[in-house]
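Novice: Each chain is listed here by its residues.
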Amino acid sequence: MAKRQPWSELGGLADPARFTAPLQVAKADGARLCGLLRTMLVIRHTEDQIGRLVVEGLARTPCHLGIGQEAVAVGVATRLRATDRVFGNHRSHSHFLALGGTPASLIAEVLGKATGASRGMGGSMHLFGREFGFHGSVPIVGATIPIAVGAGLAAKLDGGDSVAVAFFGDGATEEGVFHESMNLAVVQGLPVLFVCENNLFSSHLDIDLRQPSDRIGRYAEAHRMRSLTVDGNDLLAVESATTALVDAARRGEGPALLEAVTYRFRGHVGPNEDIDVGVHRRMEDVEAWRHRCPIRRLQDGLVAAGVLSADDLASMEKDVLAGIAEAVANARRAAYPDPSALHQLVYAGQR
Amino acid sequence: MNKPSATAGREISYGEAIREGFIHLLSRHREVFTIGQGLWSPWYVGNSMTDLDKLFGKERVIDTPVSELACTGAAVGAALCGYRPVVIHPRMDFMVLAADQIVNQAAKWHHMLGGQATVPVTVRAIINRGGEQGAQHSQALHGWFAHIPGLRVVMPASVADARDLLIASVLCDDPVMYIDDRWLYERRAVLPPVVERPLATEGPRVLRPGKDITLVGASYSTWLCEQAAEMLAAEDIDAEVIDVRVLNPFEPAAILASVSRTGRLCVVDGGWRNAGWAAEVIASVTEALDAGALKAAPRRITLPDAPAPTSKALEQGYYPEARHVAEAARAMLASRRIAS
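Protein sequence lines correspond, in order, to chains D and L.
The first sequence begins at 1 in my numbering and counts up by one.
The second sequence begins at 1 in my numbering and counts up by one.
I should point out that these hints are in silico values taken from the structure, not numbers from a laboratory.
Heads up, some of the hints might be wrong.
[As the list claims (entries may be wrong)] Once the Cα atoms are required to be at most 25 Å apart in a straight line, the calculated SDA-like pairs of lysine to any residue come out as:
(1) D/156 x L/117
(2) D/113 x L/115
(3) L/54 x L/193
(4) D/113 x D/340
(5) D/113 x L/118
(6) D/156 x L/51
(7) L/58 x D/187
(8) D/156 x L/118
(9) D/156 x L/238
(10) L/211 x L/94
(11) L/58 x D/189
(12) L/54 x L/182
(13) L/211 x L/238
(14) D/156 x L/116
(15) L/54 x D/186
(16) D/318 x D/100
(17) D/156 x L/29
(18) L/58 x L/40
(19) D/156 x L/66
(20) L/312 x L/327
(21) L/54 x D/187
(22) D/156 x L/65
(23) L/54 x D/158
(24) L/54 x L/66
(25) L/58 x L/42
(26) D/318 x D/296
(27) D/156 x L/327
(28) D/156 x L/58
(29) D/113 x D/130
[What the hints assert, rightly or not] Restraint-style ranges between C-beta atoms, simulated for each label pair:
(30) L/195 x D/52: 55 to 61 Å
(31) D/338 x L/43: 47 to 53 Å
(32) L/310 x D/284: 39 to 45 Å
The C-beta atom is built at its ideal place from N, Cα and C for all residues, glycine as well.
Next comes chain D alone, as it looks inside the complex:
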């Protein structure tokens, strides 16, 4: 396994040989963590299923899978409320599901069906679920970052304690709007959590070849903004960092950046591993990162703490898979949007 470049500021956080041990789970927290494990399994298997639908040719919309990154979405979501406003990006199946979206509505959307999260008008890259706080995702890199700042401005004008959250990747930090947005949020003192899922790659290019440092947190320092950089494959680390940053934002202490270092097991788009696309990305890297799998580490921790048995795990997984199978069957049968939607939805109405 190739280590990160010697200059890596992230150091061990970007080294898949590190942080592979089971999570240290408190038994008292076991039941709650079993629920989060289940959500991570739902994300993993739903995305795996979507990958198979792409192979089958049934899903044609570009599908960007976040397999391997589940702990970031789930860890952040545990500290959010339905009244918070969360925005995603091209790789947002995990955010949608972690906040409360169902595999049924996600899979139907990916297949372009009227029963989908966006009524069949969005596909994988345009998801929506206002009732659980997911206010939209788009694939233009960085585009939802200022939108989340606007949601933070709305929260400030509302006068409550809700927060806005933008999920984005390390590639988005190379867009100018990321910096404009951080600055605006700081100057206005807005309750915004910027969550960078630093998976060390843009679509195809290693962060080594794109930035002089692999540590995204440095940008927060430049903008005089609070930030934490954590192992994004450690659910508990993500949760605890989110707690600190979101609680401060709710108290009116302004925006923050959470950098969660992680890795995607699949390629930029579609189900393949894309080992031949990234300039540095090799199969050994992917294999090495599989040892730092966020789901396995949580599972092992729950087993070691005596919370879950191997049988419990098998039964949970079987149940999750059955639910996804049913979602797929329903999505296959569901209707496509009415052709009238093409024109009727261009404008909201008559006002």
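The hints should help you fit chain L onto chain D, whose structure is shown.
Specialist: Same frame as chain D, now just chain L:
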């Protein structure tokens, strides 16, 4: 803040009318706020927003860092969360930096999220040109934005529309680009009390009836058409003037009806010629007319297809003037006289 406007019954300028629109909106609609560069400064937006920050507070009249894209995105985000923000771009040229949020985001979210999200943001773009300001301080890019489904584009020409179309834009549930032109700021009129009207029912309007030729404009070019019609009337040419007002979604019915009667169409556009807005008006009308309904080939008067020059010598003649419109109209009528 609900007290009657101090300008009631008094003649006011186009710029003051915009300010009246803001006062109405900020007084009556708590969900309205404004954000943009220069909103606390007297020199960015003429007299169109003077002292609004003092009247309504700096939390609702927000002056910003030099970040067109993030500020427009923030307005889009607040609109998604129930507010009706107006993001102000004191020069349309600089607004190009915000194109992603206008074109890819605001105009698309309602459609691509299945109608579940609305983006009631108003993007106010100011055309500010002439005076040797040059290529990046002069552009009128309405034609670009009128191309985008989902983005309503309005251009007030009259003092009343400066106020009333602003109000209609902000109260509309769709993203609207409201474009005002500094060359109109000194037009004056006495305005009636505000009546809130839905933007969706607004569209082209006949400003002056006539039987010989149809002159079509938007914003400042409408004013040119009005002035040209006056010149032509002195020569016994009866021009009908139509102010398009709403460029997108475009409803050509009034223009079609007019050209069906006059048989002649001249479109005046403050933008460029190639793939421009004037071409769209001519195409929309002519493709719906019977062959042979026209008595003269349609004409368009536009900017030349060149960036705005700075040098006085080149700038003279760059912008269309009323006399050019009148000349075109005379030529179109002359061709009929020859034919008959």
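Novice: For every hint, state whether the structure bears it out.
Specialist: Now the hints, each set against the structure:
1. D/156 x L/117: With Cα atoms ~20 Å apart, residue 156 of chain D and residue 117 of chain L stay inside 25 Å; holds.
2. D/113 x L/115: 14 Å, holds
3. L/54 x L/193: Holds, because 24 Å separates the two Cα atoms, which is no more than 25 Å.
4. D/113 x D/340: Since the Cα atoms of residue 113 of chain D and residue 340 of chain D sit roughly 14 Å apart, the hinted pair holds (cutoff 25 Å).
5. D/113 x L/118: 21 Å, holds
6. D/156 x L/51: 23 Å, holds
7. L/58 x D/187: It holds: about 13 Å lies between the C-alpha atoms, which stays within 25 Å.
8. D/156 x L/118: 20 Å, holds
9. D/156 x L/238: Not OK: residue 156 of chain D and residue 238 of chain L at ~57 Å, beyond 25 Å, violated.
10. L/211 x L/94: Distance ~42 Å between residue 211 of chain L and residue 94 of chain L Cα, so the pair is violated.
11. L/58 x D/189: It holds: about 14 Å lies between the C-alpha atoms, which stays within 25 Å.
12. L/54 x L/182: 23 Å, holds
13. L/211 x L/238: Answer holds: residue 211 of chain L to residue 238 of chain L is near 6 Å, not above 25 Å.
14. D/156 x L/116: Answer holds: residue 156 of chain D to residue 116 of chain L is near 23 Å, not above 25 Å.
15. L/54 x D/186: Holds, at about 23 Å.
16. D/318 x D/100: The given pair, whose Cα atoms are some 20 Å apart, holds under the 25 Å limit.
17. D/156 x L/29: 17 Å, holds
18. L/58 x L/40: 8 Å, holds
19. D/156 x L/66: 21 Å, holds
20. L/312 x L/327: At roughly 23 Å apart (the allowed maximum being 25 Å), residue 327 of chain L and residue 312 of chain L satisfy the hint.
21. L/54 x D/187: Within the cut-off at roughly 20 Å; holds.
22. D/156 x L/65: Status holds; Cα separation ~18 Å.
23. L/54 x D/158: 21 Å, holds
24. L/54 x L/66: Distance ~22 Å between residue 54 of chain L and residue 66 of chain L Cα, so the pair holds.
25. L/58 x L/42: This hinted pair holds, its Cα atoms lying about 15 Å apart.
26. D/318 x D/296: With a Cα-Cα distance of about 16 Å, the restraint between residue 318 of chain D and residue 296 of chain D holds, given a limit of 25 Å.
27. D/156 x L/327: Between residue 156 of chain D and residue 327 of chain L the Cα gap is close to 57 Å, so the pair fails against 25 Å, i.e. violated.
28. D/156 x L/58: 13 Å, holds
29. D/113 x D/130: 19 Å, holds
30. L/195 x D/52: 55 to 61 Å: 58 Å, holds
31. D/338 x L/43: 47 to 53 Å: Because 52 Å falls inside the window, the suggested range holds.
32. L/310 x D/284: 39 to 45 Å: 60 Å, violated
When the structure is compared with the earlier hints, violations turn up for hints 9, 10, 27 and 32 and for no others.
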